[in-house]
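With these hints in hand, go ahead and build the complete structure from the sequences.
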Amino acid sequence: MRFSINGADHEIDFDIRTSLLDLLREHLQLTGTKKGCDQGACGACTVLVDGERINACLALAVQYQGRAITTIEGLGTPGHLHALQAAFVEHDGFQCGYCTPGQICSAVGMAAEARRGVPSVVTADLAATQIALDHDELRERMSGNLCRCGAHNGIIDAVRQVLAREAA
Amino acid sequence: MSALAQTSWRPDGASDPLATRHGLIGAPVSRIDGPLKVAGQARFAAEVSMPGLLHAGFVYSSVARGRIKAIDTAAAEALPGVALVMTHRNAPRMKPPALFGTTPEAAGASDLPIMQDAEIHWNGQTVAVVLAETREQAEEAAALVAVEYESLPAVTAFAAAKAHAHPPESVLGEPAVLEIGDAEAALAAAAVKVDLTFTTPRQNHNAIELHAATIAWEGDRLTIHDASQLVTMTAATIAQVFDLDPKQVRVLSPYVGGGFGGKCLWDHQILGAAAARLAGRPVRVVLSREGVFRLVGGRTQTEQRVALAATADGKLDALIHTGVAAMTAHNACPEQFTFPARHLYAARTFKLVQQVAEMDMLANTFMRAPGESIGTFALECAIDELAEKLGADPVAFRRGIEPEKDPTSSHEFSTRHLNEAYAAGAERFGWAKRSATPRARRDGEWLIGMGCATGTYPYYRMPGGAARITLTADGRARVAAAAHEMGMGTATVQSQVAAERLGLPLDRVSFALGDTELPPSPVAGGSNQTAAIGAAVIAAHTELVKALLKLAGNASPLAGLSTDEVEGRDAGLGKRGDAARFESYASILRRAGRDEVTVQAEAPMPLELQKWSMHSTAAQFCEVRVSESTGEVRVARFLGSFDCGRILNAKTARSQFRGGIVMGLGLALTEETLFDERSGRIVNATMAEYHVPVHLDVPEIEVIWTDIPDPRTPMGARGIGEIGITGVGAAVANAVYNATGKRIRDLPITLDKLL
Chain A
1 MRFSINGADH EIDFDIRTSL LDLLREHLQL TGTKKGCDQG ACGACTVLVD
51 GERINACLAL AVQYQGRAIT TIEGLGTPGH LHALQAAFVE HDGFQCGYCT
101 PGQICSAVGM AAEARRGVPS VVTADLAATQ IALDHDELRE RMSGNLCRCG
151 AHNGIIDAVR QVLAREAA
Chain B
1 MSALAQTSWR PDGASDPLAT RHGLIGAPVS RIDGPLKVAG QARFAAEVSM
51 PGLLHAGFVY SSVARGRIKA IDTAAAEALP GVALVMTHRN APRMKPPALF
101 GTTPEAAGAS DLPIMQDAEI HWNGQTVAVV LAETREQAEE AAALVAVEYE
151 SLPAVTAFAA AKAHAHPPES VLGEPAVLEI GDAEAALAAA AVKVDLTFTT
201 PRQNHNAIEL HAATIAWEGD RLTIHDASQL VTMTAATIAQ VFDLDPKQVR
251 VLSPYVGGGF GGKCLWDHQI LGAAAARLAG RPVRVVLSRE GVFRLVGGRT
301 QTEQRVALAA TADGKLDALI HTGVAAMTAH NACPEQFTFP ARHLYAARTF
351 KLVQQVAEMD MLANTFMRAP GESIGTFALE CAIDELAEKL GADPVAFRRG
401 IEPEKDPTSS HEFSTRHLNE AYAAGAERFG WAKRSATPRA RRDGEWLIGM
451 GCATGTYPYY RMPGGAARIT LTADGRARVA AAAHEMGMGT ATVQSQVAAE
501 RLGLPLDRVS FALGDTELPP SPVAGGSNQT AAIGAAVIAA HTELVKALLK
551 LAGNASPLAG LSTDEVEGRD AGLGKRGDAA RFESYASILR RAGRDEVTVQ
601 AEAPMPLELQ KWSMHSTAAQ FCEVRVSEST GEVRVARFLG SFDCGRILNA
651 KTARSQFRGG IVMGLGLALT EETLFDERSG RIVNATMAEY HVPVHLDVPE
701 IEVIWTDIPD PRTPMGARGI GEIGITGVGA AVANAVYNAT GKRIRDLPIT
751 LDKLL
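Chains as they are written, first to last, in full-length UniProt numbering: chain A, 1 to 168; chain B, 1 to 755.
Hints in this document: simulated from the structure, not taken from any laboratory. Ideal Cβ placement from N, Cα and C applies to all residues, glycine included. One thing to keep in mind: the hints can contain errors.
Sample of chain B residues facing chain A (criterion: CB under 7 Å; computed from the structure) [as the list claims (entries may be wrong)]:
1) Ala39
2) Ala432
3) Ser435
4) Gly487
5) Val698
6) Ile701
7) Glu702
8) Thr706
Using C-beta positions, here's what the derived DEER-type ranges look like [to be verified]:
9) Glu427/B - Ala128/A: 28 to 34 Å
10) Asp595/B - Arg2/A: 49 to 55 Å
11) Arg116/A - Pro80/B: 41 to 47 Å
12) Thr102/B - Val122/A: 51 to 57 Å
13) Arg115/A - Thr102/B: 58 to 64 Å
14) Gly219/B - Glu166/A: 52 to 58 Å
Far from chain B, some chain A residues (derived; all Cβ distances over 12 Å) [as the list claims (entries may be wrong)]:
15) Ser4
16) His10
17) Gly66
18) Pro101
19) Ala112
20) Asp157
21) Ala158
In structure tokens, the structure reads:
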């Protein structure tokens, strides 16, 4: 089976029951993607597939052959951080750091959804093509990513700052 | 000795100079390990790879009490990839873990034997562990283990347990019953009083990282990559269980994905080690989220009574706080909800009684501010109700009952600035705009209200901590202690402290932790780690200065000076107050022909706690919006104003305070572990059905602090990991009352209770 992860090709055989999350963590040692519930409830395993955010724990790995999978390792490294990663450090958008890769991947996917005009439950005008990501929109759209340390304020501040810079 | 000498925590009588020094102390330094964490490169317990690793699957009992009549493992064993199935029939012989608190190194969450017999003690106990080549095979095999039980009558209803409630022998070393004067008589005679019952539910820590351990034996040496907030104690207790020397057990835990009291020693690490020994191969244990609920205890449920009597001039004539917490016969975690009432307010009479009621359930445990979190809910709601009866503003009423000394121990406070915290918080929050009359503000369907409450948490400094410092000739220092990083910013803050003490730039100091090969550390609990490790770093630094003065010898400008006369500055040692007498570390070491010098020292015993009443306090302010149509509560604004001594890192401290407050919002509004009283089974063992606050539930949280150093503590600091959650439940409940006119005394405040 062939997978494209962070721009690199991987050919690997495994138990077909394996989730994309376990493929990443147990077979490819890409452990930046985290397991918090294995039930699609916490968002810690969020990765990007063709630019869209998904919960890797709910994805059967065999179905993702040939898709462009991006994990936290593909966004940046400690020496060359992605703008969002750097903003998370600056705004202290994490404590233990366990939900953090999922929050960051989710924010990347979330920004793309907003650019496409996808509404959320707090969007007033469902027909609008331009979505302004205000405080409520950001919080609602990031609510699928749980954080137990309570770093919510720092996370939203970090995301807001990077999106504002991109818009400028 | 001077008066100051008798009152300081340092044996030489002085406060820690860092308590008032500027520079790195207090600076909003970003986390040193931040880039690793945001890049997904920080290595957690389940992420250590090893050749030949087996994966564990767990089978949990479905009855609360009884015994295993038959257990059929044949189908599981026949599956491809299955290495073995471990049950009580083939598990290695192990001693029950020594119960936490029975010795300084005991970490047992309960002292029940683990998989040594057929007895079942709670619904969810492990009855079998499967090891297989892959996780998928292990889980399939676990599902095929067939167990037949003989059920025995079990106490699974709190009401039934309460009928046999009794005071425990002690509550964390404090008496379970504390009475001053005749509080019941004072209550009976009072004209203005409240007498209220509060109930609080079970809660679970729900750290996002699942409990995990990667475990390998090498002969009789055991290595456990754990997610742990007590590595030293875990190694000692595992050694005791397997009859090993503690030196034969190494526990590593450099990063913990959230702890909150839950990442301690539970059955899964011990069962994982037993299974690995049986299989002769390394094992990875990763509990499922359900498994965490089944095997790792949480906060227990309580019923509390708070009765307060007021005098005509607004003083307290009686303070009664009593109640019952559910517990088991095998653990020692009585949820010290009466602790806040022991220290917060002046009253003429007190009656404080903690009782426990044994149930057949998983051992409950410490969860962020055990006792204080839910104790302040009851006490601070009652204070709000009494203030209302007196027609007094709740902030002003509290100012009038502020004690001069600890009201029950009569010890002097080391420092206490709750009034200042209230004044600053009230002004910043706009408390003066609050209407004392409920239902006075609305915005369409939304009723708006404001509430406040006091938070409090003790200063602890556990004994048994040590630290090592290695100073190298290139002017760098490596500091190390077993210690724990689960989000507090341990390496960052201790590096700041060490750098400031050594007089080195921050980037010349590193701090290693999370490994029992390093000097031992006490539990990262009771908000004590920063002070405990800080005290050990001070002790090691003193030893380092001694060693350096010796190495410097008579040729140095420092010749003849004692350790008390010098300080670390500008990458060297200098005489305090004398810029001329100085020698750099590089120069001292070079002249002595040394590449480096290493010292290690233990922190002194925490004698300061015997002399002083040492507590942090907080004033918590909340504004809620409550829908009149649905009863939904939204927290619109929150402000915490803290008096916690010196703040060591403004950035990480703000995060810790906010984190506590966010967990407090969950405690107030959404969190409840649902325990089926018929079967004793936890029925919402998922993150989807146990509701922690999500982004949209969390408003912008403002945090301010007095930053007044505590002269009786290392660095002038008191721990801040837990105080954030205290008082939050009451601040929210009092705000809900101000909005709606409804007093909800049963947590969580879900919308059904407001309709």
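Honestly, which of those hints from before does the structure not fit? Hints 2, 3, 7, 8, 9, 18, 20, 21 not satisfied by this model.
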